[in-house]
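*Asks:* Now for the letters of each chain:
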Amino acid sequence: MSHPPAEEVSILIVDDEPGIRDSLTSWFEEDGFDVDNAGDARAALAKLDARPFQIVLLDIKMPGMDGMELLKRIRASAPDVVVIMITAFASVETAVQALKDGAFDYVTKPFDPDDLNRLIRNAIRQRALALENKALKAGMDALIQVDEIVGQSPAISRVLELVGTVSGTDATVLVRGETGTGKELIARAVHANSPRRYFPIITMNCGAVPDSLLESELFGHERGAFTGASHRRKGKLELANGGTLFLDEIGNVSPRMQMELLRVLETKRFARVGGATEVEVDFRLVCATNSDLEAAVREGTFREDLYYRINVFRIDLPPLRARQEDIAPLALHFVASFRRAMGKEVDGITPAGLKLLTAYPWPGNVRELRNVIERAMVVCPGGLIDVPHLRYQFPLAQPNGDANGFGSGVEPEAAEDEGGAGEGAPWSSDDSLADVEKVHIERVLKAQGGNISATARVLGVDRVTLYNKLKKYGIDRP
Amino acid sequence: MASTGHEPPRLLVAPLTRLPCEPDVVRLPLERAFGVRVEIAPLAVELKAAYSLQRNQLNSTTILKMLLSERPDGVDRVLGLVDQDLFIPILTYVFGEAQLRGVVAVASTFRLREPWEAGGTTRAVLEARLIKTALHELAHTYGLRHCMRPRCVMTVASSLEMLDEKAPSFCLQCQGELHDALVGLAP
Ligand SMILES: [Zn+2]
Ligand SMILES: [Zn+2]
Chain P
8 MSHPPAEEVS
18 ILIVDDEPGI
28 RDSLTSWFEE
38 DGFDVDNAGD
48 ARAALAKLDA
58 RPFQIVLLDI
68 KMPGMDGMEL
78 LKRIRASAPD
88 VVVIMITAFA
98 SVETAVQALK
108 DGAFDYVTKP
118 FDPDDLNRLI
128 RNAIRQRALA
138 LENKALKAGM
148 DALIQVDEIV
158 GQSPAISRVL
168 ELVGTVSGTD
178 ATVLVRGETG
188 TGKELIARAV
198 HANSPRRYFP
208 IITMNCGAVP
218 DSLLESELFG
228 HERGAFTGAS
238 HRRKGKLELA
248 NGGTLFLDEI
258 GNVSPRMQME
268 LLRVLETKRF
278 ARVGGATEVE
288 VDFRLVCATN
298 SDLEAAVREG
308 TFREDLYYRI
318 NVFRIDLPPL
328 RARQEDIAPL
338 ALHFVASFRR
348 AMGKEVDGIT
358 PAGLKLLTAY
368 PWPGNVRELR
378 NVIERAMVVC
388 PGGLIDVPHL
398 RYQFPLAQPN
408 GDANGFGSGV
418 EPEAAEDEGG
428 AGEGAPWSSD
438 DSLADVEKVH
448 IERVLKAQGG
458 NISATARVLG
468 VDRVTLYNKL
478 KKYGIDRP
Chain B
-14 MASTGHEPPR
-4 LLVAPLTRLP
6 CEPDVVRLPL
16 ERAFGVRVEI
26 APLAVELKAA
36 YSLQRNQLNS
46 TTILKMLLSE
56 RPDGVDRVLG
66 LVDQDLFIPI
76 LTYVFGEAQL
86 RGVVAVASTF
96 RLREPWEAGG
106 TTRAVLEARL
116 IKTALHELAH
126 TYGLRHCMRP
136 RCVMTVASSL
146 EMLDEKAPSF
156 CLQCQGELHD
166 ALVGLAP
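If you're matching them up, the sequences are chains P and B in order. The opening residue of the first sequence carries number 8 in this note's numbering; numbering runs sequentially from there. The opening residue of the second sequence carries number -14 in this note's numbering; numbering runs sequentially from there.
Heads up, a few of these hints could be off.
For lysine to any residue, the following SDA-like pairs were computed, each having C-alpha atoms within a straight-line distance of at most 20 Å [what the hints assert, rightly or not]:
#	chain 1	residue 1	chain 2	residue 2
1	P	K275	P	G249
2	B	K33	B	R17
3	P	K68	P	T32
4	B	K50	P	P25
5	P	K445	P	G456
6	P	K116	B	Q42
7	P	K275	P	A302
8	P	K68	B	P74
9	P	K241	B	L38
10	B	K50	P	R28
11	P	K479	B	D9
12	P	K478	B	P153
13	P	K479	B	V10
14	P	K479	B	H(-9)
15	P	K116	P	E24
16	P	K68	P	R58
17	P	K479	B	R22
18	P	K478	B	E16
19	P	K479	B	E24
20	P	K445	B	L13
21	P	K479	B	P8
22	P	K107	P	D119
23	P	K479	B	P153
24	P	K445	B	R17
25	B	K50	P	E36
26	P	K54	P	A85
27	P	K241	B	L145
28	P	K478	B	P8
None of these hints come from the bench; they were simulated from the model. Here the structure is a predicted model, which is why all the values come from computation and not from measurement.
Model the full structure from these sequences, guided by the hints.
*Replies:* Structure representation (structure tokens):
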């Protein structure tokens, strides 16, 4: 699911003012859209004739044929095109007429970046809905895969089937699974396959913040709500408007916040902290937990009514040890993505290395596997990752371990809570990883007598990357 | 022992006005992300030429053009920093602007100064926002476009709240794209 808007959406901007054309064009180019522009109606019609556009932004007031006339021509010849009118303050009445004539919406210039962003995503969503209806009727909707949900095992296939089933609906989803199984990835997959995918998915880790902060983070606050609140601030509920709200570790929410949440879910309305008026929001909710919610309900620490509200469609994520056949494909997938990001010529894993990985019980699940591969990539000079690169990366590994290299009864490092960058987050600020890398670079650099090119070659990185790392770790060349 | 052939590209970070924080805060993040050597020095540009009396803001596209013509010899990229509010003709404001696949970018601290109690002290929040904006705009000069992955610094931030949602780092996909661009540029 890389850059969805760019792949499918082309925009034509029609405005007689070059300044407006240029600034809109570069704004949409940065957004990854396929964008073209025209200075008058004639040029616009010629461009629309030459190739299809999905969205047309159209200035109402233009010399020659004006926007209103052009709108009618476009509606007649290409009814599938979403037309958005651009208007100056003075011509709002004309804009309303444009809506009657089939325009999707209008904006008054200059517009707020947030408004433009929402407007264009609404237009895409509208178009996507229309296309999806057609695709559904034709029975050819393929599931958009989120990176790192990799595997062919029956267990993960079942999960993907459930994702496919629930994505097209607006039902609340509850994802359950052990730490590190990738619950956030499932939330993202549900979002990426829903008509809400052009709006953001906003994550809130309910276990990581104190109650008072959670309230302000979720609901936002009004100016003056507390010392220092000199401006109104939107909370996560509002940011998720149109999109998906992902509440991780829902089992850790306090009784008071459980009540507040229940109210929002029932009414889809809430008030910002320190505010009197209510705000209406439209989002899809996905929750996740690794705790036993049923037991919490029995013990009275989790509200039963909230439990039923969030437990509408349940997806159980199997632990990695229950899908052993996915370990090798996952490991190779991680090698491929780190290879590109690190710019390192590591091509794969030796059979012995894969055997070692497959035999390990992975108490920290997919996230632990990811961390192990990342560390192995750092110490592997290039070619294939082998047993020696892997052995020291296992938190359970002991010098005098048993035959497969694993000790037992040692606390796994990956049993950390799911805070920080978040489960399965595509980046890592792992200090111990940095330590491994720093020591390794220093050692190689010294061995190569401080020669940068030679060191880069041994490390399997290019010079830019190496300079980067030397700076990062404050390593001085000897 | 450094020979000139091994020198990393030079990025000039140019404060064009007084700033509410030390421009030096962007040095390390930019050096790490782009493999450049950051130099911080003012640049003589006539900001008056970019000023719109009607809007009481600076036209960021005009600033980009000025940075382009004032870029010192041997400098590979320029990031201009201003504390005035920026706009492009069709939008009420922008946090910054960059030349896509180009060599110049500009970022403003004007709107980043707004405090956010929940996010810690104002100073730290401002610096984090500036770092994210600088990373984002400069990545555009390397050809990166907006990303849909949650929290990636290349997601579009059309409000301060969305800017605060981002991490000051690239997702693996964007890291890969950036790396390819950097290697293509390496001598
Ligand atoms: Zn951007
Ligand atoms: Zn990204």
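*Asks:* Next, verify each hint and record whether it holds.
*Replies:* Hints, verified against the model:
Between K275(P) and G249(P) the CA atoms are separated by roughly 12 Å; this keeps the pair inside 20 Å, and the hint holds. About 34 Å separates the Cα atoms of K33(B) and R17(B), which puts this hinted pair outside 20 Å; it is violated. With a CA separation close to 19 Å, the supplied pair K68(P) and T32(P) stays within the 20 Å bound. For the hint pairing K50(B) with P25(P), the CA-to-CA distance comes to about 16 Å; that is within 20 Å, so the pair holds.
A distance of roughly 17 Å separates the Cα atoms of K445(P) and G456(P); the hinted pair therefore holds under the 20 Å criterion. This hinted pair checks out: K116(P) and Q42(B) have alpha carbons roughly 16 Å apart, not beyond 20 Å. Simply put, K275(P) and A302(P) have alpha-carbon atoms about 28 Å apart, too far for the 20 Å limit, and the pair is violated. Restraint check: the Cα-Cα separation between K68(P) and P74(B) comes to about 16 Å, which is no more than 20 Å; the hinted pair holds.
Between K241(P) and L38(B) the alpha-carbon distance is near 31 Å, which puts this suggested pair outside the 20 Å criterion. Restraint check: the Cα-Cα separation between K50(B) and R28(P) comes to about 17 Å, which is no more than 20 Å; the hinted pair holds. Straight-line distance between C-alpha atoms of K479(P) and D9(B) comes to about 15 Å, which keeps the hinted pair within the 20 Å bound. With a CA separation close to 18 Å, the supplied pair K478(P) and P153(B) stays within the 20 Å bound.
Distance hint between K479(P) and V10(B) is fulfilled; the C-alpha atoms sit about 14 Å from each other, no more than 20 Å. Restraint check for K479(P) and H(-9)(B): the C-alpha separation of about 17 Å stays at or below 20 Å, so the hint holds. Straight-line distance between C-alpha atoms of K116(P) and E24(P) comes to about 12 Å, which keeps the hinted pair within the 20 Å bound. Restraint check: the Cα-Cα separation between K68(P) and R58(P) comes to about 24 Å, which exceeds 20 Å; the hinted pair is violated.
Restraint check: the Cα-Cα separation between K479(P) and R22(B) comes to about 12 Å, which is no more than 20 Å; the hinted pair holds. Restraint check: the Cα-Cα separation between K478(P) and E16(B) comes to about 7 Å, which is no more than 20 Å; the hinted pair holds. At most 20 Å may separate the alpha-carbon atoms for a hinted pair to count; K479(P) and E24(B) meet this at roughly 16 Å. For the hint pairing K445(P) with L13(B), the CA-to-CA distance comes to about 16 Å; that is within 20 Å, so the pair holds.
With a CA separation close to 18 Å, the supplied pair K479(P) and P8(B) stays within the 20 Å bound. A distance of roughly 24 Å separates the Cα atoms of K107(P) and D119(P); the hinted pair therefore is violated under the 20 Å criterion. Restraint check: the Cα-Cα separation between K479(P) and P153(B) comes to about 15 Å, which is no more than 20 Å; the hinted pair holds. With a C-alpha separation of about 14 Å, the suggested pairing of K445(P) with R17(B) holds against the 20 Å cut-off.
Between K50(B) and E36(P), the direct Cα distance comes to roughly 18 Å. Compliance with the 20 Å bound is thereby established for this hinted pair. Distance check on the hinted pair: K54(P) and A85(P) sit about 13 Å apart at the alpha-carbon level, within 20 Å; holds. For the proposed pair K241(P) and L145(B), the alpha carbon gap of about 9 Å is at most 20 Å, so the pair holds. Distance hint between K478(P) and P8(B) is fulfilled; the C-alpha atoms sit about 18 Å from each other, no more than 20 Å.
The structure shown violates the earlier hints numbered 2, 7, 9, 16, 22.
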